[in-house]
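Student: Just so you know, the sequences run in chain order D and C. Numbering-wise, our numbering puts 66 at position 66 of the first sequence, and it's gapless, one number per residue. Numbering-wise, our numbering puts 1147 at position 147 of the second sequence, and it's gapless, one number per residue.
Please keep in mind that the hints were generated in silico from the structure rather than gathered at the bench. Mixed in with the good hints, there may be bad ones.
Stated by the list, open to error - With a straight-line Cα cutoff of 16 Å, these simulated EDC-like cross-link-like pairs (lysine to aspartate or glutamate) come out: (1) D:Lys10 x C:Glu1015; (2) D:Lys172 x C:Asp1014; (3) D:Lys10 x C:Glu1067; (4) D:Lys175 x C:Asp1116; (5) C:Lys1124 x C:Glu1096; (6) D:Lys174 x C:Glu1015; (7) D:Lys10 x C:Asp1069; (8) D:Lys175 x C:Glu1054.
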Amino acid sequence: MNMVVDTLTKRYVRALYAEAAERAEQSAVYAQLQAVAEALRAEARFLDALKHPTLPVEDKVAMLLRIAGADQRPTASFKPFLRLVLTKGRAHVLEAAADGFLELWDEDRNLMRAEVVSAFPLSEREQTELKQALASLTNCSIELDLTVDPSLVGGMTVRMGDRLIEGSVRGKLKKLSEGLQRY
Amino acid sequence: MQGRPDEVSAILRDELQRLESQVEMVGVGTVIEVGDGIARVYGLADVMAAELVEFPGELMGIALNLEEDNVGCILMGPYEHVKEGDQVQTTGRIAETRVGEELFGRVVSPLGEPLDGKGVVVTKYTRPLEVKAPGVVKRQPVSEPLHTGIKAIDSMIPIGRGQRELLIGDRQTGKTAIAIDTIINQRDTGVKCIYVAIGQKSSSVRRTAAILEEHGAMEYTCIVAATASDPAAVQYIAPYAGCTIGEYLRDNGGHALVIYDDLTRHAKAYREVSLLLRRPPGREAYPGDIFNLHSRLLERAAKLSEAEGGGSLTALPVIQTEEGDYAAYIPTNLISITDGQIYLEPELFYAGVRPAISVGLSVSRVGGNAQTQMMRRVAGRLKLDLASYREYRAFSQFASDLDEETRNILKRGDRMTEALKQDQYVPMAIAEQVIVIFAGTHGCWDDVKLEAITALEAELLTFIRERYPEIESGLRQTQQLSDEMAERLDKAIEDFRTKLDEQYLEKEQYAERPTSEIEGVE
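The shape of chain C in the complex, shown without the other chains:
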């Protein structure tokens, strides 16, 4: 922070005055053992659980294990200089992190140190990392939507503010892409975003920051990064730090979205810390409180009651599965904790269905209440229809002769799947999504070649924007799709079709071949 010379001298005088304060008494202990990011300390008789303790060289630690004759501390930085016999001091503070608006637009470590080379982060407040989640009385049901800008999610797996929705899938299936798109879509919504990178490569964090910067999303986003080279202890506290930053906004009546990318690595970091602290291992060597570790973190995502300011904290935890095994230990834990999951399937991803959302396995348990009326109206049956389409699709691989009805279900499903495809970094406004899905479910593409749908979809939107601007603005303002509006939209789509037919007299350009030939393969 830059200051004028007279400000500097005022600060200096303040600091010198503070020095006159009395001598202080602190609790001390002696290091008896140090290694693997863990120190055992003798003494520290009146240390509190999770208190910050100071080692030589301004190294901070957190006292996690208070045992009969020693205290187990995790070290939050390089510890090569710490020796047996070194003095450790208590600080009287529970582990905390910096919070406040100043953090947005920055990349910081879980302890609030800058990682983006933009200078020291100065915040007015700090908050403890571990606090109890708001109780029943302080909450209200999820009622406002949090739009991701992704057609497949906002229509079928809607997310509300204050919800916890899990992003789960194998590596390289687009989990982070969904998270990033959601952040980009929060521009002008007043939702601030916190992206917590746990155990990722530094280069990935850098790339994420660059992408957000490029799409103008960094100004309302804070990246909390504990990279793969950071000690396990730092990775372990990272999501709590991100959550604390979001909670500060929530408790001040604001709205925040926090993404934990990813909690699989977080569980591994905690397992490492726990084993080093010699806590008894359980299943897959995870400690007994691995469930509580994640449930107490995600429980802090909440929609507060009006009496509490009505703020919200939405959480999108990310979990990586191995070979699609979502029934493994950590994934099942997270699935049971969260209010739903978005399951990404590698098969779909490689078949070109991106985002590769598995309709059958994905669910949102509370978001439906938060969906806008217009979206509920156009997409009400979409999820069930698509789920049954997938079953038919699987069966039709073996069947040679299909009846008319089945063929129609397959045809419509193929087209809907195509219409829900979406590129990365182009989140779509909710009113546009409604138009596109309305067109799909009303058979606009039934006789159109699969490959042409994406392009025609864009054309449809331009057409409506030019000829019927009142539809989009009406939808945007009321967020309602009245009968009258639906009729108008129907008519607009018919117009578009007529124009299309005129434009391409040679229908082969976009028309589907007769169904007797092979069905378009997805």
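Just chain D, same shape as in the assembly:
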């Protein structure tokens, strides 16, 4: 599951995305954000360093740009974004920024991510069929994220954002037992 993107992060990311979309450099910016998020996740003290009041903002920006590989392939929107976030003392938004950015990007290109949990691995054909079925249901293009969980017994569950399609045998059995308990 993605990280929870809080309101504050959303605001910064929305501004960044608008900038990136204008220059059509979303994928590059996303990759850079991801690199930063990964670094933050790997080393907990990194965030402390970014929040440190005595380090100059420009040093922090340079450090982050190097991590993101943006010193080699710079993007127009990323550097100002980092500078803004750090001057405002909001370094903690960086960790969830990549996820927030992806959400906006997906929305913009009408793409939905479906987390599919099935009892057995799905064949190529099944995957295409599922994709088509979900696409016609949502009017979006679909990207599948497949997991196998034998405890479902049979069938599958699909989660897209805030919606869950429950089609597993485990779920049905649970329903049945609840129904019978009423008597």
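Place chain C on chain D using the hints.
Tutor: The following block gives chain C in isolation, referenced to the frame of chain D:
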């Protein structure tokens, strides 16, 4: 529920067929924080306000706070197993409870689960907990009496069906006793009772159930219990559940009486929930909508118009005051919402005046219209007389020399107070009350020792029942006290006095000493 084997297989087949239904799509969210009976959930984009949501382990919650980036839910049970990251599902149902005749005779939780060990409660219907109260057009003024069986209340503070009458007083002054007596008195009246216990000890709930059982009142009573060990969220919905059960009867043309015991604890439970949901605190840290919380609950008590079936829901909310402070926040709220209050005074209680009803502070704003003609006739002036008697009584503590008139007021008042005393669990039929109060106001006890009144009152009733049975049956049938009937009653009481005088030739046995000596202390 017991079933025959073929019934069981039919049920099984039904259930299996239902399983064939399509896969369903539900809204989901993720728990980001849980604790103190509250969960914050991320996601749940299309959840409705007050919708039931399901947590892992069949734990239900109610979505109360719909905020920009999370949903605050109250949890309706033990939540130790809920973790961050757990999946939460919407159910598409607004918070609801079970309703129906099947609930009577049972002790249930606010969600309709059995607490009396008598097996699952199966009801045909469920209803949402929060509904809007019937509007002006659907109502009619309170017109039928709801007799409590307590002399002091039915004569001076009459309650009508559809009324909201507050029971207010310090702890241990007999608030619940009045409520229980009222339930016991509803036998054979067609009024079903719902007793909502909020934040009480489990042992108290058990005792209440046992008392009702003992007096044959449990069969038409449903106890909704959210005990002190239940989460605040469950205590918060308990009165709404009780109200919903009563409303079902009201809307089907029946009559119901619901007792909320007590709303002080309910307010505290709601304060807890609100603070945990981080709603801004106001006076005494209660949230801003504490008034609306109680007014929307009590507004659902109503007498419906004939077009709507003429059903009624009467509410007796209970409020506990601290040190007699009825001007505190929650008590004043409730006093202004309800159609009157019965104020119980500890001083009276300890002086042996039980029920300890303070005549001056108690009032019924609509019940007078619902009083029967006979009671109105005998008790019309009783309340004012007793209220002024109390004032004289207070003054007479300081005065040494009283004039004749004052002495008479005091004497009559002492005797009336004595005549209105009543034991617990012995509600009195309304016709008997009329006879007793008639006797009191017509000076039957004026020369009788105070301590003898209670016993003589019982004797008077037996005497009239034996010698003049037509009086009681006449009153019961017509509910009227005609001039002719009043004359007959007067004569019967005179007869009784003559018999008394003969019976106790030695008058000291019951007669009052000369007034020059000390007045009987109440």
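Student: Now tell me if each hint is right for this structure.
Tutor: Consistency of the hints with the structure:
no., hint, result
1, D:Lys10 x C:Glu1015, "46 Å, violated"
2, D:Lys172 x C:Asp1014, "14 Å, holds"
3, D:Lys10 x C:Glu1067, "15 Å, holds"
4, D:Lys175 x C:Asp1116, "27 Å, violated"
5, C:Lys1124 x C:Glu1096, "13 Å, holds"
6, D:Lys174 x C:Glu1015, "12 Å, holds"
7, D:Lys10 x C:Asp1069, "10 Å, holds"
8, D:Lys175 x C:Glu1054, "13 Å, holds"
Checked against the numbered hints above, the structure breaks hints 1, 4 and satisfies the rest.
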